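Student: Listed below are the residues making up each chain.
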Amino acid sequence: MRELSTKQKILRFMANNTVPLLFVVIIAFGVPLSGYSPTYLAGEVISRISRNTFLIVSLLIPILAGMGLNFGMTLGAMAGQIGLIFTTDWGIVGIPGILLAMIVSTPLSILLGWWCGKILNMAKGREMVTSYIIGFFMNGIYQLVVLYGMGPLIKIISPNLLLPRGYGIRNTVNLIGIRKSLDNFLMIRIGGVPIPVGTFLVIALLSVFILWFKKTKLGQDMRAVGQDMEVARAAGIRVEHTRIMSIIISTVLAGYGMIIYLHNIGTLNTYNSHMQIGMFSVAALLVGGATVASAKIRNVFLGVVLFHLMFIVSPMAGKRLIGQAQLGEYFRVFVSYGVITTSLVLYEVRKKRERGMSGLALAQDQEVTS
Amino acid sequence: MTKRQRTLLIRVGAIILILLFAVFLFHIGRQHTVLIDNNTVTRDGVELQALKLVEVQVGKKGEVLEMTPRIRDKAVVVGQRHTVKVVYTDASWNEHVHELSFRIPLMQNMVLISLPALMKNPEDVSFWLENFEGLAVAQSDAPQEEDVVFDELAGFDSF
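Line by line, the protein sequences give chains A and B.
Sequential numbering of the first sequence, starting at 73, is according to this note's numbering.
Sequential numbering of the second sequence, starting at 18, is according to this note's numbering.
Just to be clear, a hint being listed does not mean it is correct.
[Claimed, not checked] Some chain A residues well away from chain B (every beta-carbon gap over 10 angstroms; in silico):
#  : residue
1  : Arg84
2  : Ile167
3  : Pro168
4  : Leu171
5  : Arg310
6  : Ala365
7  : Arg392
8  : Phe403
9  : Gly410
10 : Gly428
[As the list claims (entries may be wrong)] Computed spacing ranges between beta-carbons, pair by pair:
#  : chain 1 : residue 1 : chain 2 : residue 2 : range
11 : B       : Lys20     : A       : Ala433    : 57 to 63 angstroms
12 : B       : Leu123    : A       : Arg422    : 55 to 61 angstroms
13 : B       : Gln125    : A       : Asn246    : 55 to 61 angstroms
14 : A       : Asn246    : B       : Glu80     : 19 to 25 angstroms
15 : B       : Gln125    : A       : Tyr112    : 42 to 48 angstroms
16 : A       : Gly197    : B       : Pro122    : 36 to 42 angstroms
What the hints contain is simulated information worked out from the structure, not anything from laboratory work.
Quantities reported herein were computed from a predicted structural model and do not represent experimental measurements.
Just so you know, even glycine gets a beta-carbon here, dropped at the ideal spot from N, CA and C.
From just these sequences and the hints, can you work out the full model?
Tutor: Printed below as a string of structure tokens:
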């Protein structure tokens, strides 16, 4: 194979990392413009890493199984929220409250994940858009259950959680009992920056689990299914079952991630918190250099840092630049959607180019042999 | 035992273990409010006067509350078994210290400790500790309806 020159290597690196490099440039301009101190930025970024990483890691398994970006993680987020509503109602606080919410959310997540996986198996090749629409559909069911079912059908003990009419959960649920209980467990300060070691340990455990999982029989099956479903089927792998398993694992992890996310914030917006969580998590993962077909743990961490640095600095940078913080707000919404579009387009372009190149190589081979 | 049966057994065992763990979490994480009341009370037809000045601490690490007559304060505790330490100096400057343990029923949100009753008969927990169901909420001018907000971009900032 022909050796690449340094210039070609640089160009290839840039082509493969267009989105992260674009973000590095945005941040390079945005950070000085915002005027924030390094300590403040470090504190904010660390807080957001602990808050969001678990959610984003939940997207890795379906990518491994070739199902693309699981926008259906919203289903897990809803299950996590239901777990939190129950534990708040029962008055369970601290880390036991978080763990109990996770236990309550697990069967719901498994059920929703199984159902979502079944549907995605019927829509092979269109998994992303299907999972996105499933999220909207399930949101309607969630609202029906939480707004009308909780109170008369599903018993809620605490009147503080119910709407004044006597049924349905209020717009906001105060999670003061569990707020930052995991973050404050083993909290240390380095140079004035608080480091939530407890949450980072949980994230580290999850990362190790993902790395270990990829080496298991099921992980290898998922990789095989992700590369070519027909070849995997011919090799005796239960393709549909493997795909469903990947969605179930992703949904369960998304539920846990949502609980960790909300425990850090301390307030649950009952009807809104979960709505855009899939979109932002996907955007953060793509910013880290992941694609629809390939994502690694390092993409998660790089994505969280870059995406959230942009999130933090853009309102202030906008204000300093043209005197309006609102511009920065618009900018970050626009960038979130824009980065997903850019990544999807780049992925398709790259796939087409690779297909073209392999076609040319095959044609050359055939010429040589004839 | 076939492989299928063994798998089923392991799965059922795992579910039972998780359920037991959930029950354990429920017990250790349940939050209760302990009301500490220093009002004159009547027990068995006898009126027990409120204490002039008393120090109360619920739990080993709880805040020490200084209470005068007709005062009611609260302590928030987690779990069922707790201690209460009461330090009272009477009119003859004799200091009375009682450190007692009590248990809150699992599903009880609030309990009330009556300090005069506790000083009278510290040995009998049921004499000074009672379940408290809360007061009926007074009618207010607050609207009976609350608009439910559906906003696609809510939570954007917190992300």
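Student: Any Cβ of chain B at or closer than 10 angstroms to Ala365 (chain A), or is the non-interface label fine?
Tutor: At roughly 25 angstroms from the nearest Cβ of chain B, Ala365 (chain A) sits farther out than 10 angstroms, so the non-interface label holds.
Student: Cβ-Cβ distance between Gln125 (chain B) and Asn246 (chain A): within 55 to 61 angstroms?
Tutor: 21 angstroms, violated
Student: Could one say that the CB atoms of Leu123 (chain B) and Arg422 (chain A) fall in the range 55 to 61 angstroms?
Tutor: Hint holds: Cβ distance 59 angstroms, inside 55 to 61 angstroms.
Student: Beyond 10 angstroms from every Cβ of chain B: is that where the Cβ of Gly428 (chain A) lies?
Tutor: 38 angstroms, holds
Student: Confirm or reject the claim that Asn246 (chain A) and Glu80 (chain B) have a C-beta distance inside 19 to 25 angstroms.
Tutor: 22 angstroms, holds
Student: In terms of Cβ atoms, is chain B entirely out of 10 angstroms range of Arg310 (chain A)?
Tutor: Consistent with the label, Arg310 (chain A) stays out of reach of chain B, its closest Cβ about 16 angstroms off (over 10 angstroms).
Student: Would you say Arg392 (chain A) is clear of chain B, with no C-beta pair closer than or equal to 10 angstroms?
Tutor: Holds, because the least Cβ-Cβ distance between Arg392 (chain A) and chain B comes to about 19 angstroms, which exceeds 10 angstroms.
Student: Just want to verify: Phe403 (chain A) was marked as not at the interface with chain B; is every Cβ pair farther apart than 10 angstroms?
Tutor: 12 angstroms, holds
Student: CB of Gly197 (chain A) to CB of Pro122 (chain B), is that within 36 to 42 angstroms?
Tutor: 57 angstroms, violated
Student: Please settle this one: Ile167 (chain A) was flagged as non-interface, so is its CB more than 10 angstroms from every CB on chain B?
Tutor: 8 angstroms, violated
Student: Would you say Arg84 (chain A) is clear of chain B, with no C-beta pair closer than or equal to 10 angstroms?
Tutor: Label holds. Min Cβ-Cβ 33 angstroms, cutoff 10 angstroms.
Student: For the range 42 to 48 angstroms, tell me whether the beta carbons of Gln125 (chain B) and Tyr112 (chain A) fit it or not.
Tutor: 45 angstroms, holds
Hint check: violations occur at hints 2, 3, 4, 11, 13 and 16; the rest are consistent with the structure.
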